[in-house]
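Novice: Fit chains B and C to the supplied structure of chain A, relying on the hints for placement.
Residue numbers (the numbering used here), protein chains in the order written: chain A, 1 to 248; chain B, 1 to 220; chain C, 1 to 667.
Don't read these hints as lab results, they were simulated from the structure.
Be aware that a few hints might be false.
Unchecked claim - With a straight-line Cα cutoff of 27 Å, these simulated DSS-like cross-link-like pairs (lysine-lysine) come out:
1. K357/C / K375/C
2. K412/C / K6/A
3. K193/A / K188/B
Stated by the list, open to error - Derived, one-sided and incomplete: chain A residues facing chain B with beta-carbon distance under 7 Å:
4. M19
5. P23
6. G72
7. N105
8. K171
9. T218
This one's a predicted model, so the numbers in the text were calculated from it and none came from an experiment.
Using N, Cα and C, we set each Cβ at its ideal position, and we do this for glycine too.
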Amino acid sequence: MNLTLKIWRQANANVKGKMETYPIENVSPDMSFLEMMDVLNEGLISKGIDPVAFDHDCREGICGMCSMYINGEAHGPDRLVTTCQLHMRKFKDGETITIEPFRANAFPVIKDLAVDRSAFDRIQHAGGFVSVNTSGNTQDANAIPIDKHDADKAFDAATCIGCGACVASCKNASAMLFVSAKVSQYALLPQGKVEATDRVLNMVKQMDEEGFGNCTNTGACEVECPKGISLENIARMNREYLGASLKG
Amino acid sequence: MSSTISSSLARKYAMAISGLFLVVFLFQHFTINLTSVISETLFNQLSHFMGNNPLIQFILQPILIFGVIFHFVMGFVLEIKNRQSRSVKYASNNGAANSTWMSRNMILSGAVVLSFLGLHFYDFWIPEMNYKYVEVLPLNPDRYFEETIHKFESPIRVSLYVISFVFLALHLMHGFASSFQSLGANNKYTRAIKGATTAFAVGIPAGFIFIALFHHLTAF
Amino acid sequence: MATLDAKIPKGPLAEKWTNHKSHINLVSPANKRLIDVIVVGTGLAGASASATLAELGYNVKSFCFQDSPRRAHSIAAQGGINAAKNYQGDGDSTYRLFYDTIKGGDYRSREANVHRLAEVSTNIIDQCVAQGVPFARDYGGLLDNRSFGGVLVSRTFYAKGQTGQQLLLGAYSAMNRQIGRGKIKMYNRHEMMDLVVVDGKARGIITRNLVNGKIERHGAHAVVIASGGYGNVFFLSTNAMGSNVSAGWKIHKKGAHFANPCFTQIHPTCIPVSGDHQSKLTLMSESLRNDGRIWVPKKIEDVKAIREGQLKPTDIAEEDRDYYLERRYPAFGNLVPRDVASRAAKERCDAGFGVNKTGEAVYLDFAAAIIRYGKEQAHVKGLDENDASLVKKLGQEVVRSKYGNLFQMYDKIVDQNPYETPMMIYPAVHYTMGGVWVDYNLMTSIPGCYAIGEANFSDHGANRLGASALMQGLADGYFVLPYTIGDYLADDIRTGPINTDSPEFDAAENAVKSQIEAFITNKGKNSVDYYHKKLGKIMWNKCGMSRNEQGLREAMAEIKALREDFYKNVNVPGQANEFNEQLAKAGRVADFLELGELFAKDALERTESCGGHFREESQTPEGEAMRDDDNFTFVSAWEYKGEPADAVLRKEDLAYEEIEVKTRSYK
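Bound conformation, chain A alone (with noise of 0.2 Å):
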């Protein structure tokens, strides 16, 4: 396959970027995307030219690490995948293919397509925990049964990778889908429930402070969620919230 690409190009946080064209020959169908960008910085540093800076590292979907915003959309026109588990496939021969980073003020760009999530880390740090210490005296495991229709969802929730596609995708850049999946991870089982309300208030402040948009319910992030997150999990974090809110 042959494609022109068209890349956006920033040399630091500082500066302004542009979108910046490179073609490239030779691609091969069963290549991933990011096995694509590998060859096109390939041939870019034998030019001489700068690599594009991209993030990435477990290349099978889990980390979250990889972000890119391809074509209009967060991780490529496929559902449920990261970039990195994005195959050429998916594309037509001779196409014109743009990328660039997940845009959000609370995501600025280090780099080309590279961007800066710790407000992600910030939000976890105001409640995304239990508040259990290591003693190896915690109660025994099975001591508490729990539902498995709760539990699952729990885990459903709990599986989202911190990608940053849900801000990317929303109009609003809200990061609702996110705060909302580890608010209700916690809010689901018995272990998470007695904190919730700190939490959610928590959480929610933070979240806030961060410059993230508001929710305006568009539903772009659980399409373009690689893990398939539901919306579900944003209506929970509203109940918890007004419920924490009354009870003060």
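Specialist: Then chains B and C, alone, in the frame of chain A:
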């Protein structure tokens, strides 16, 4: 608590609650309008009641006006804030791939409905206020039907009316169901809610359009 | 030459850890506040250690090269975590877990460490559940288990095919709580460039900020290395792109012995290589072998027809299939340990029975499981058990609920639907049992420098059983290191903050800066990946699933030559003071180019076969691995002497008191 009130989620609840309130009003308005097709007398009776009952005039009407203003001011504030959370825009953005046109363009459909409200106030509410409270003309329980029919004579006005209600339908198609999600209702009834709200969102504006066309076509 | 002292406590095996904990020195809560600990790496071991140390009251500084601690590669572990809970009532016990792990490791691991691991395994599950880790549960609401290779009980706890993710997010959440409290200072996108040793003790590290290239000094009273394994020395592996040996290798160069580098696990069930562009290999969890049957065609003409696309695997009749694991190892069947399964696949493919174009793939078939589950479901639901399409549908649903994400992953990568046609799999480099040598307290040969998790060598001997890496990482981080480190730090309560303006810090920082400068100004003709790929080829061909003397000697010479060429001709674009992935990669590949040679040297010296290390010269007439217990019952710990080829062997003799050393058999 103060931070809770100004939080993103509190704003979301506020939009949802004010929106639902307006939906209720819309339904009430529609019911009365519909009587204009059925019975001139009934329409006049109901209109007279609504226009002169002190509870409605001095308690519910201000609440309604506040609700309308609140909903659109908050809508604009949120829109501006949301736009500010992404100052560098995408060169290529395929919103249609993951969301409906309605959900992405609430501000547009809302603005059209708002400008229609301007026209509507100019047509009905300002003359009404003028009649009752400025010039303090004598009570006339039979004037409403005639006044209403009169407004549907102009084809331009009726066209504007129709277009506005199409946008209202688009606005409601996302907004009505969305307010349930905002208030935390997402469960096994969600599909049913989605269906019912969509039916309402299409049906009620279609009804308004029907009434307008009915009077427009039967006026001559 | 004296054997290395592992400082194993005296007393009966089962009481060693309890007694040891009761007798080691402690640091009082008031004094812990005065002590700084650096933890490099935030995988299961690093994150759990950071969190626990902070809970205890130490000031912790944690470092990871990723943009968030949650991205560490533990996140990708799929199958599960072992614990001797005996919830299934199938006769499991601490002793049995201990025994299985020693046997699985082919009698090359340290008894005392493994027993301790088995003891704390149950605490891990309790701790994780308390943290809100959503393990799989049955309809009664209790925890579910599954079975893994090399054992005869069901002791593996799991969360679909994402157990590592859930455990890591649990440890990350514990870290977040401490970061929020200010007890952990987190440094994301920072790479450890060197260890600083002052007066013979580890006193800090030099780091590079990967965003702006700034070189920074960090002092601490102890340094914990939790940087994972070095499988990426093979270029293609199941590791993440950024996984590297650098932290472990830097401390090796400062005096920490590096143990058993040749003990590498080649995982039997990975998606085969599809072409030269490939950047990594994807694992298909071992848990799939619970329900998948591995086979190749019996007839070579069927193999040919399949390769040419004339036959589909589903066309091959049952009697024409060779379920070679079930044939060779009837007792364990498809659930033999990883080393055995990998070699058996290689044996079939070498004999010409590989089923894809490259001849390097075997089938992993779920058809039988789908029918079995389907019939079960039909029976439960009172439906027709003889309706083939209904049974298939019901069976597929069960399989989806168990392995859905893995099947989806396979489909996305290979573009084939594994519910309908068997998966193709082939072994790939997965885990490194070898690593930095540590004593019973997990301290390396440098006082004050510790190594935990995959970065150390301690618990898995020559082969690791499935679902035990997560167990070891969390055991080290939650339950072992935080206590043993106190024994050392008790002497440091009066030291005060570490001064980073010392000549030792100056020297370390200058060395780091000059290496970076050399890379940037080299302006050679080949990219960093060019060298990494070449190194990987040498490693896979000559130090891979089977090794021989000649190949290993060649590998040593070739790697040395490649390393010299690398320093002459590598091209690192960009600048030192910016986000520069190529520069970061160059540093990592430089270390791999040294480790690779030591790896080959270690494999060369160990003329026996054991676990993941198969020496062609040492096999039974049936082609099974043959250990040489008389001459090799020891840990090979290598002391750095400059060139990898000059490394000096320090042995730690392995004494088996509880367990009778036997020939490992899974037949």
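Novice: May I ask you to test the interface hint for G72/A with respect to chain B, counting a Cβ-Cβ separation under 7 Å as satisfied?
Specialist: holds, 3 Å
Novice: Next item in the hint list is K171/A. Is there a CB on chain B closer than 7 Å to its CB?
Specialist: holds, 6 Å
Novice: Quick one, are K412/C and K6/A close enough, alpha carbons at most 27 Å?
Specialist: holds, 25 Å
Novice: Close enough to count: is the Cβ of M19/A nearer than 7 Å to one in chain B?
Specialist: holds, 6 Å
Novice: Interface hint check: N105/A, Cβ to nearest Cβ on chain B, cutoff 7 Å. Holds or violated?
Specialist: For N105/A, the interface hint holds, since the closest Cβ of chain B sits about 5 Å away, which is under 7 Å.
Novice: Starting from K357/C, check that the Cα of K375/C is at most 27 Å away, please.
Specialist: violated, 35 Å
Novice: Does K193/A pair with K188/B here, judged by a C-alpha cut-off of 27 Å?
Specialist: holds, 23 Å
Novice: Hint check: is the beta carbon of P23/A less than 7 Å from a beta carbon of chain B?
Specialist: violated, 18 Å
Novice: Go through the hint on T218/A and say holds or violated, using the shortest Cβ distance to chain B against 7 Å.
Specialist: holds, 4 Å
Hints 1, 5, counting from the list given before, are not met by this structure.
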